[in-house]
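*Asks:* Can you build the whole structure from these sequences, using the hints too?
Sequences listed follow chains E and W, in order. According to my numbering, the first sequence is numbered sequentially starting from 1. According to my numbering, the second sequence is numbered sequentially starting from 1.
Among chain W residues calculated to face chain E with C-beta under 10 Å, some are:
no. : residue
1   : 7
2   : 15
3   : 19
4   : 23
5   : 229
6   : 235
Just so you know, the hints here were simulated from the structure itself, not pulled from any lab data. This one's a predicted model, so the numbers in the text were calculated from it and none came from an experiment. Glycine is no exception: its CB is placed at the ideal position from the N, C-alpha and C atoms.
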Amino acid sequence: METLVELDHVSKSYEEKAAVRDLSLKIEAGSMFGLLGPNGAGKTSTIRMMIGITLPDAGKVSLFGKPFGNPSLRRVGYLPEERGLYKKMKVLDQLVFMGELRGLGALEAGRRAKAWCERLQIADSINKRTEELSKGMQQKIQFISTLLHDPELIIMDEPFSGLDPVNAMLLQDTLLELKKQGNAVLFSTHRMDQVEKLCDSICLINRGEAVLAGGMREVKSRYERNRVIIHYEGGDEFLEHPAIAEYKTYAGHAEIKLKPHADAQDLLRTAAKAAAITKYELVEPSLEEIFIETVGGRSDA
Amino acid sequence: MLNGLVRNTLLIAKREYLERVRSRVFRITTVLVPVGMGGLALLGGLGGRKLAGPENMAIVSTSSTLANDVRATLEEGEAGAPAPQRIEVYAPATTDDMAVLKQQIAAHQIAGYLLIDEVPGAPEPEATWISSSSVDFFRREQMEGALRSALIRQELLARGMSQAQVQELMQQVHLKTMQVKNGSMVASNSERSFAGAYGLILVLYASVLIYGINIARSVVEEKTSRIFEVLLSTASPDSLMLGKLLGVGAVGLTQMGIWGGLLAFYAGSALAASQGIHGLASLGLTRAELVYFPIYFLGGFFLYSGLAAALGSSVSGEQEVQQFSFILISPLVVSVVLLPYVLGNPSSTASVVLSLIPPFTPIIMYMRICSQTPPMWQVALSIALLAGSVWAMVWVAARIYRVGVLMYGKRATLPEMIRWMKYS
Numbered sequence: 001m002e003t004l005v006e007l008d009h010v011s012k013s014y015e016e017k018a019a020v021r022d023l024s025l026k027i028e029a030g031s032m033f034g035l036l037g038p039n040g041a042g043k044t045s046t047i048r049m050m051i052g053i054t055l056p057d058a059g060k061v062s063l064f065g066k067p068f069g070n071p072s073l074r075r076v077g078y079l080p081e082e083r084g085l086y087k088k089m090k091v092l093d094q095l096v097f098m099g100e101l102r103g104l105g106a107l108e109a110g111r112r113a114k115a116w117c118e119r120l121q122i123a124d125s126i127n128k129r130t131e132e133l134s135k136g137m138q139q140k141i142q143f144i145s146t147l148l149h150d151p152e153l154i155i156m157d158e159p160f161s162g163l164d165p166v167n168a169m170l171l172q173d174t175l176l177e178l179k180k181q182g183n184a185v186l187f188s189t190h191r192m193d194q195v196e197k198l199c200d201s202i203c204l205i206n207r208g209e210a211v212l213a214g215g216m217r218e219v220k221s222r223y224e225r226n227r228v229i230i231h232y233e234g235g236d237e238f239l240e241h242p243a244i245a246e247y248k249t250y251a252g253h254a255e256i257k258l259k260p261h262a263d264a265q266d267l268l269r270t271a272a273k274a275a276a277i278t279k280y281e282l283v284e285p286s287l288e289e290i291f292i293e294t295v296g297g298r299s300d301a
Numbered sequence: 001m002l003n004g005l006v007r008n009t010l011l012i013a014k015r016e017y018l019e020r021v022r023s024r025v026f027r028i029t030t031v032l033v034p035v036g037m038g039g040l041a042l043l044g045g046l047g048g049r050k051l052a053g054p055e056n057m058a059i060v061s062t063s064s065t066l067a068n069d070v071r072a073t074l075e076e077g078e079a080g081a082p083a084p085q086r087i088e089v090y091a092p093a094t095t096d097d098m099a100v101l102k103q104q105i106a107a108h109q110i111a112g113y114l115l116i117d118e119v120p121g122a123p124e125p126e127a128t129w130i131s132s133s134s135v136d137f138f139r140r141e142q143m144e145g146a147l148r149s150a151l152i153r154q155e156l157l158a159r160g161m162s163q164a165q166v167q168e169l170m171q172q173v174h175l176k177t178m179q180v181k182n183g184s185m186v187a188s189n190s191e192r193s194f195a196g197a198y199g200l201i202l203v204l205y206a207s208v209l210i211y212g213i214n215i216a217r218s219v220v221e222e223k224t225s226r227i228f229e230v231l232l233s234t235a236s237p238d239s240l241m242l243g244k245l246l247g248v249g250a251v252g253l254t255q256m257g258i259w260g261g262l263l264a265f266y267a268g269s270a271l272a273a274s275q276g277i278h279g280l281a282s283l284g285l286t287r288a289e290l291v292y293f294p295i296y297f298l299g300g301f302f303l304y305s306g307l308a309a310a311l312g313s314s315v316s317g318e319q320e321v322q323q324f325s326f327i328l329i330s331p332l333v334v335s336v337v338l339l340p341y342v343l344g345n346p347s348s349t350a351s352v353v354l355s356l357i358p359p360f361t362p363i364i365m366y367m368r369i370c371s372q373t374p375p376m377w378q379v380a381l382s383i384a385l386l387a388g389s390v391w392a393m394v395w396v397a398a399r400i401y402r403v404g405v406l407m408y409g410k411r412a413t414l415p416e417m418i419r420w421m422k423y424s
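*Replies:* Dropping the structure here:
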């Protein structure tokens, strides 16, 4: 598969502070890539080097198999973390301007802008000034402006923050469709549930360093299925079982983390003696738990 | 690549132009400024008429010949000075007459009366001007001159000269003023010969204030809203800056064009004719002044706009733009302060040097062009330096803008900015 972005042992520091340290990653066409990390981990710094807003102090950045160069940027769609649109401009004018800047003709840009506004259910607002719209609407408009020129590589810094669940889902589905069409999508987030659902591969960075990277399945398979969710009625003495490392109890159920290589079947037998079990599930750790485990206590946030 | 640069620059210029021309501020200033200026001119005209216009007065004298002679001279008027409208002569005046005069002064029917008393034995009469206000509607010299020539006339008549001879002798002399401009002599009108220069100062000052601050604001807007992060991921900072300046410059020119058209229309209109102006030419503009006007206006405009963009790029918030507007305008203020010196010594070394320093060039060099004809090489050099510094300013502004992406919230220090310059 074609590699669209490659960071090769890239480092960057601002003043005295190292933002990114010796980071390597690859993003392939037709995949969705999650860049994860706590606040201040270096996600935005990494993204900025990919699109040449800053240059790495050391290491190499390649886009579309070539060393970084400005002409490649027309094939990239970039949505920055802090959203910016011209407040006084009308939505359609704004989208056409952005499209033209990325090499589309005015007519084509207008046609695509209208089609996208239909698709994201904001066609009513097309002739309004940007400042008259709600934040969520503005975010959709910026989302469109990023995608108007049909970029092969889509880079989005925290694309879902501040959106209600319905709209977040709409944008997620859109990204998934674009991925199916063969575009590569990279987005950064600290929301693990989204990553878990959407991404084919991830890179978890903390303090500028990659602490966990690879395909989603592969990363998760590195972790033992050592989580137990048990729904029960009756006594909870079984929670003192030697296989249990730690647990949390909720109304009618408990979430248990087992000790390494513990015997989950023996725990089930013990529990069944003390209480009526309605559900007993052995699960792999969620990405969120992996995240907390890996970063836990070491985060700057 | 170059194609892309030109295309992006034009796209950005187009956006900046259209957004501004469509804005309410543009419509309001385009209409309000001429209305305001016209109102001021009209007011000035009315006020001037009221202040300096013809007024009534009276002359009270023991000698009627002298009084009538003074009246005749005053009525004839002096060049440039308004003549009194109606002059009553009381010679000699009765007590009743005096009471009436005092009443008329109190009722503002006359500005005052000139009392001329022949003192027996003295060679000259004693003259007193009695009025109600401290402001003299008729100039003191005017009355003194009239009295003096009346006395001389009487003296000449008394020495046996004929009325016609005296008339001929006492004819007023008019001084014609000429000026050497561009190697040929032209009639000069000392009040209007700098209309072009003052016009440039006014227009440049206004447009730098309006559009310079406007550019700084729009740069700050792009920075604070982080639009420039998106823009910079497609367009080069040079085309962003250049496009911005060209777009806003075109807005300025559009507005100037509208105002210029209105001025030309006004100058050719009946209203202007009634105020003694017949067409643009009578505003005292020579062809050279008209040709150089757009050159120095545009040069100055782009230089100051570039400076505004650079200042805008180096600040982090809207409020700071206000503080910077003083820095922006100060070279213009300095130019205006230096003007009297340059006018007095247009060819001195200091004037030549000043006119070649780019921030001062638009006003000072243009003033030199208006007042005499500087050597061609100086004019050419000043334009070249101005153009070069515009280019340098855009380059610097683009660099600051480009590296401003890295700044979050804090203002850049000078050493930091210099480091930015080296950053590519």
